[in-house]
Structure formats: C-alpha cells, structure tokens
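The listed protein sequences derive, respectively, from chains A and B. Just so you know, we're using my numbering here: the first sequence kicks off at 1 and counts up by one. Just so you know, we're using my numbering here: the second sequence kicks off at 424 and counts up by one.
It is possible that some hints are incorrect.
What the hints assert, rightly or not - Computed list of lysine to aspartate or glutamate pairs in EDC-like fashion (alpha-carbon distance at most 20 Å, straight line):
| no. | chain 1 | residue 1 | chain 2 | residue 2 |
| --- | --- | --- | --- | --- |
| 1 | A | K87 | A | E210 |
| 2 | B | K510 | A | D324 |
| 3 | A | K413 | B | D742 |
| 4 | B | K785 | A | E408 |
| 5 | B | K785 | A | E416 |
| 6 | A | K52 | A | D360 |
| 7 | B | K785 | A | E397 |
| 8 | A | K87 | B | D747 |
| 9 | B | K475 | A | E416 |
| 10 | A | K52 | B | E474 |
| 11 | A | K87 | B | D742 |
These are calculated hints, taken from the structure and not from any lab test.
Protein chains: 2
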Amino acid sequence: MNIRFYNARILSMNGDFTITTGEVIVCGDRIHYVGAPAAHNLIFDREIDCEKNLLMPGFKNAHTHSAMTFLRSYADDLPLSSWLNDKVFPLEAKLTAEHIYHLSVLAIMEYLTSGITSNFDMYFTPETIAQAALDTGFRTVMTGALNNFTHSLQELEDWHDRFNNGDERISFILGFHAEYTNSLENLEGLAALAHKLRAPVFTHCSETAEEVSGCIERHGITPPALFDRLDLFRYGGGAYHCVHITEEDLDIFAASNLSIVTNPASNLKLASGIAPIQRMLDKGINVAIGTDGPASNNCLDFFREMFLVTGLAKAREEDAAAVDAFAVLEMAVRGGAIAMGLSDCDCLAPGKLADIILIDLKQPNMQPLNNIAKNIVYSGSKQNVTLTMVNGRILYENGHFHIGIAPEQVYAKVNEITQMLTR
Amino acid sequence: MNIRFYNARILSMNGDFTITTGEVIVCGDRIHYVGAPAAHNLIFDREIDCEKNLLMPGFKNAHTHSAMTFLRSYADDLPLSSWLNDKVFPLEAKLTAEHIYHLSVLAIMEYLTSGITSNFDMYFTPETIAQAALDTGFRTVMTGALNNFTHSLQELEDWHDRFNNGDERISFILGFHAEYTNSLENLEGLAALAHKLRAPVFTHCSETAEEVSGCIERHGITPPALFDRLDLFRYGGGAYHCVHITEEDLDIFAASNLSIVTNPASNLKLASGIAPIQRMLDKGINVAIGTDGPASNNCLDFFREMFLVTGLAKAREEDAAAVDAFAVLEMAVRGGAIAMGLSDCDCLAPGKLADIILIDLKQPNMQPLNNIAKNIVYSGSKQNVTLTMVNGRILYENGHFHIGIAPEQVYAKVNEITQMLTR
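One chain only, chain A, in its complex shape (with noise of 0.2 Å):
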C-alpha cells in the first residue's frame, strides 16, 4: 500500500521538535518521504487529507505486561506484596496460552486508542503474545521473565532464536523478572547466556524499598550492583521502576549505557514511590516510559504516563523546571526506540518503518496553538488520538479499529475468561 499524509503539521523527531508543515509518504512498511508537497512517480492506494492536523512518530510503551487486562479493577488497593502473592499469581496460575491470547488482543486495542505503536512485553508465553501482535497488525518486543518457577534459560534461547528470525514486527530480548524472584544460578545463566548471544538484558529492578532491602539483606549489595557483578549488562539492557535507585545504581547505569523504563502511574498506585527522573537524565542515561500492566496501573495511556513524568518530577525535584515536555517526548519516542532495539522507529524520516500517529489539534485541549509540543505532554488525551498506523498499515481511525476483529468479540472472549479466573 503506497498512502499519501498531505495538508499535515508534522512533528518529525527527526533532530528536533521543529513542527513543519507538508506530508509524509509511506510505501509498504517503509517513510518514502518526509516534506513539502512535491511530484512523486507513485500510484497511491489512499489520500489522507490531514487538516493540518498533527503526524507525528508513535509512543513506545517499553513496560507493560499486556494479558493482565483480566485483572483489571480486580485487584485495587494494595500494597505490591499481597497484590503479587494473594491477587496475581494464585489467577496467573490458572491462565492459558490461549487466555493470553485474547488478554494481549484487548491490551493492544487499547495501546492503539492511545497512539501506541509498539510494546515491551512481558509475560508468559511468548508465542501467543507473538500471534496477538502477528493477527492485530501490532509491534511486539517480547522478553522474558526468568524466574524459580517458570521460564527456562533453554526456552530463553529458542524464544531469542526463533522470534528474532521471523517477522519484522516480532522481537525477543532476553529478560528476568527480577532478582526476589530469583537464584544466584539463574542469574549466573543467563549471565552466561547474554555472553554466548552477545544479547542485552532486562528486568524488573528497585521497585519498591523492601525490594532493594531483600537484596542487600540476601546479597550484601543493591540489584544494579548485584546485577552488574554478576556482568548481566556486558552487551547492555536495562531495567524498569528503578524506583529506590541510588546515585551509585545509577552511575552502572550510566557506564554500561543501559536504559531506564520508568512507570511513573503503577508506581503511584502500588504506593511503591517516585522515581528520580530528573537525575538520570544528568547522568545521561536514557529514560524510556512504560505503562506497566493494567493490573497496576490501570490503564494503557500514554497521555497520562506522559504527564506523570513531568508531573511528579517537578515535585519530586520542587522544581517547576525539571523535565519538561520535550524531554518527556524524547522519552516516548526515541527513549523507548533505543530501549527496544527500534531504530528504525525512532522517528518520521525517509526508510524508517512507517509507525505513526494523527493528532487531533481541533479539539478543545489543543487549543489555542501556543506550543504543540507542549500541548501533547501536558494536555493532551487519547480523545485526540484519530489515526494509528504500524508498520504501514492503518490500525485504528476515528475510533475504528482495523485488526482483523470486531471489538464486541473481544470483549465478549475477554469477559468470559474473566469471569472463568475469577469465579
């Protein structure tokens, strides 16, 4: 399909926040060209005429356990503990590869209506989690969650082989899901595993302070650190939350050139704490943002992620000042790019794959048009959502989705799993 973005405001991300006007060409999965209106030799299969709204690239939401939208409203008001011990895992026993199927579907719709273009996934069976993706037209990173009880380093291995062999819009990063969770000799696994793959590595890391005190109580020193002599990180990674991080934390951060997902709204409503996002980025370590699963959160929308960042930032810091709007953009897009290995998704320009979004600027909470930019971060919503599109294809427009189902299935299958956990 050759489509044609014309009469548009585009936020390239291409260098700068520059907004300029023109249109953005997309041939098969690919940007053919970013600019002012100019003679092309294409036959177009569509025309979109922008109304000088705004394209722009889409949101990476490089956190997220995606099937635990069953869980949703389900388990509220509750410290991370007893939320793990008596609400998630006793259901997360029960559930299918096929119930991960459908959850990753609903999960994926939603990341649609928000602007979201790809995931960082992680969850129990990646070949579901892949065939939702596969199925809807989506963009999956999926990692792994390593832990004593499910997850082996050999199904790590295959799972690395096979999903990053196949379709373009698949991939698999090696991953654990955290150090509580597991045995020195698990990590030193994978350890081994990410040398002998030359793969990065990520995990759950700082999350709550009774984390961070298990570990120097279990291992003498804090995860980043453990995790850092243990050289988990030779071939780089990262970790979401780093929530209770210290300085030294983050310097390893920082030398190993590993990225941070931060979940500002899970963080919150787990009363788990606020992250010091203002003093990774001086250390210039690169921060990406993730919603977390909708179990913690509860909901999959990057608006609300976008101005929790800067948000709790300026008063974690008391400094109005601290990460403002470009920076929490840069984050949303280029930060979750580096973090999942998208390069070819960090921006519009000529050759990336053709991940973008249409932002409606005639709504109320996009006018007046002093600063678009900032309008997005700070008072933008998914009602301005109007077009989504992943690797070329359409997935959503004016509140329709175009995946392959109707949404009335999936709610209707999403519901009776429910109900089926539940009971």
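Once you have looked at the hints, place chain B on chain A.
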C-alpha cells in the same frame, strides 16, 4: 424537553455505589424517574438507547480559572512565583471582559468533553463568565477574587445579589484571591460582608510552602488560622489547594464544616507539592476536586485529576489502600456539589437537576467489567464520555457540541485573542 434514557447501567450515587440497570427520565431541567423500566404518562421528545452503557451524575470541577485557556502551553516549566509575576499577571492586565467571554467558552467545551457539568470559577469579570455559561447552556458557580488590585467589596456584594437571583444555572459565592494578595483591611471587610450576607467564603490557601511561611512572617500564624481569627468562615465556605497544611489547620476546616478543593495536577506542574488528602478524609472534611486553570494544569480533564487524587495519596502515605476509587468518585460528584452549593446536582434521583453523563463501556480501557466504578477512576478517559447533559439539555454528544456556536469559530476567536495578547 422530555428525554428518556433506557437500556442503561445506572450509577446513581444516591446513597452508595451500587450499579443498577434501567432507565432515567428527564423532564425539563429535572430528573423525573430513575429505576426499572416502567410505564410513564409522558410524551418523549427523545428516547436514547444507552446500549448498557453507564449513566452517572456529571463531575463538578470545584476550582478553576476557565478563561486562562489563552495561557495554555505558553508559560510552562516555571515555579509559581515567576509563573504568576512574569507571565500570568502581565498578560492578564491586557484582558478585556469580551476576551474572557470567548476564552471561557473554550474551557466550557473542554469541560463537556470530560463529563464536567458545572464549574466553580474564579476570574475577573463575572458578567461575561456568566454570559458564557448562559449562552452555551453550562452551569457555573462563580466566586470573587478580591485582592489589593482588582475587585472591591462593593462589587462582591453587587455580584452576590445579582447572580444569586437570576438564572438557576448561575450562582455566586464570596471569595478572595489569597492571603498574600490581600491587606488585613480587605479581609476584615470581607468578613463583615460575609456576616451581613450570612454567606460562605472561598479562597486559595496554603498552596505553596513560601505562601505559608510568608503569612507566618506577616501575621505570626498560618493562613487558615488567620482566616479563622478574622471569622471569615462563620457561614462556611472553604479553600483551594491546601497542600502545605498543618494538623491544626485541618482541625479548623473540620470544626467549621469547611470544604477543601484539591488540585493535584496543578500542584505537581507548579512543583507546589502533594496535598494530604487521606488526613483530610480522616478528619471528616468534605473534599472536592478541581482542575485549577488551564495555565497551570494545563488541561481540564477530570479523569486525569481523579487518578491523581488516588495515585498521589497512595504514594504520599506509602499505602496502596489510601483514598480508594469510591472515595474519589464521592469527591468528584458529591464533594464538589457540597462545596459549590449545588445540593440538587449531587446524584441521580427524582427531583434533582438533570446534570448527567453517559460513559461508553465498550472501549478497551473499560473492559473487562470487573468493577465499573473502579474502571472510571483508574482507567477511565475523556474518550469514554459520549454524552454530557446540563440542566436537562444535551450539550455534547458523540463528539459534537450543541452549545450555540461552532467549535471552529471558538478556536479562531481564541487564537486571535491569544496572538494579540502574547504579541
């Protein structure tokens, strides 16, 4: 107009958070019936199939400065004092009453998209603020912004008389800007006026640490203690923000049956801090929610505010059980109605004014239906608001405004005003 909403889920908030199924019938400006389908001797102008979506009372935006829409994304990433003195005050000095009319209409449109059916508005020109509400069909409670430079006691008394004896959608409550912008003479005069009119009084209070320490320097006591000493709250009222508030301050609010209106997004963005909402609730104080003005937030989205109220309380108290979803809904609807003197807008019940919203549950963020009331607070979005009715009139439906003026005209006018002011 007689309007019948049928085939609905109903969260009446008339007593508890039970959700029933049935119909809501509106006759003129009031609710005639809420309950199971029944025969009615009425001719309906319209019958709306709710398709099992949720009817509930509209949200009350209990603190805002609507017309500050012109400053959206114009003055960001600055601390409150330089934000006010260097950006806000100089531009506000150029505003005319007519500007405020148009800028308020834009805000009203945004309220409608977020299910907000009334606002508690503090700004310069009550005449044109009221006119914006009257022309669009909105419900507005205005409050005075008495300070050393604008608004006089005589004006407050005139407005109190004029706006509390006209259209039922408009009312006026005495108010002053803040302690730090008023002389003692002003405050003593306002106390005398409140006593004469037997009227409640509202004000900005303890928004920043600097404001509180300044008050202590000037008067030897905190702002609430000063107001209490001046007997400003003899007939009730309350305060906005209340971020830096002592136990003794809260005891004053509790003893005098005052309301506190919390403004979480604004308090984050201006780095003012996080208000102690759980402590307010523990003392039995009525708490309401406000967006504050669009210059400091920068949006007028009650879903974002609702999540922030619970999320920030959980993080502040380090307790994931703090201020749960039901407490937040109570603040967003009944708490606001109490603060704003809108006792007929607090729930869906026969005889109450018809301020009603319809929430689309057939969106991915509202599925599965484990707990609909929690979904609204934890994963709800403006995108779910498909209909907003104020005083029996549908002002917003399926993305279209029915406010007597085309959105494009409002946007054009507001951009013209903004360009002129910021030039």
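Cross-check of the supplied hints:
Straight-line distance between C-alpha atoms of A/K87 and A/E210 comes to about 19 Å, which keeps the hinted pair within the 20 Å bound. The hinted pair formed by B/K510 and A/D324 meets the criterion: a straight-line CA distance of about 17 Å does not exceed 20 Å. For the hint pairing A/K413 with B/D742, the CA-to-CA distance comes to about 34 Å; that exceeds 20 Å, so the pair is violated. A threshold of 20 Å between alpha carbons decides the hint, and for B/K785 with A/E408 the separation of about 8 Å falls inside it, so the pair holds.
A distance of roughly 15 Å separates the Cα atoms of B/K785 and A/E416; the hinted pair therefore holds under the 20 Å criterion. Between A/K52 and A/D360, the direct Cα distance comes to roughly 9 Å. Compliance with the 20 Å bound is thereby established for this hinted pair. Under the criterion of a C-alpha separation no larger than 20 Å, the hint pairing B/K785 with A/E397 is consistent with the structure, at around 16 Å. For the proposed pair A/K87 and B/D747, the alpha carbon gap of about 17 Å is at most 20 Å, so the pair holds.
Between the alpha carbons of B/K475 and A/E416 the distance comes to roughly 17 Å, so the proposed pair stays at or under 20 Å and holds. Restraint check for A/K52 and B/E474: the C-alpha separation of about 35 Å exceeds 20 Å, so the hint is violated. Proximity of A/K87 to B/D742 is assessed by CA-CA distance (about 17 Å); at most 20 Å being required, the pair is judged to hold.
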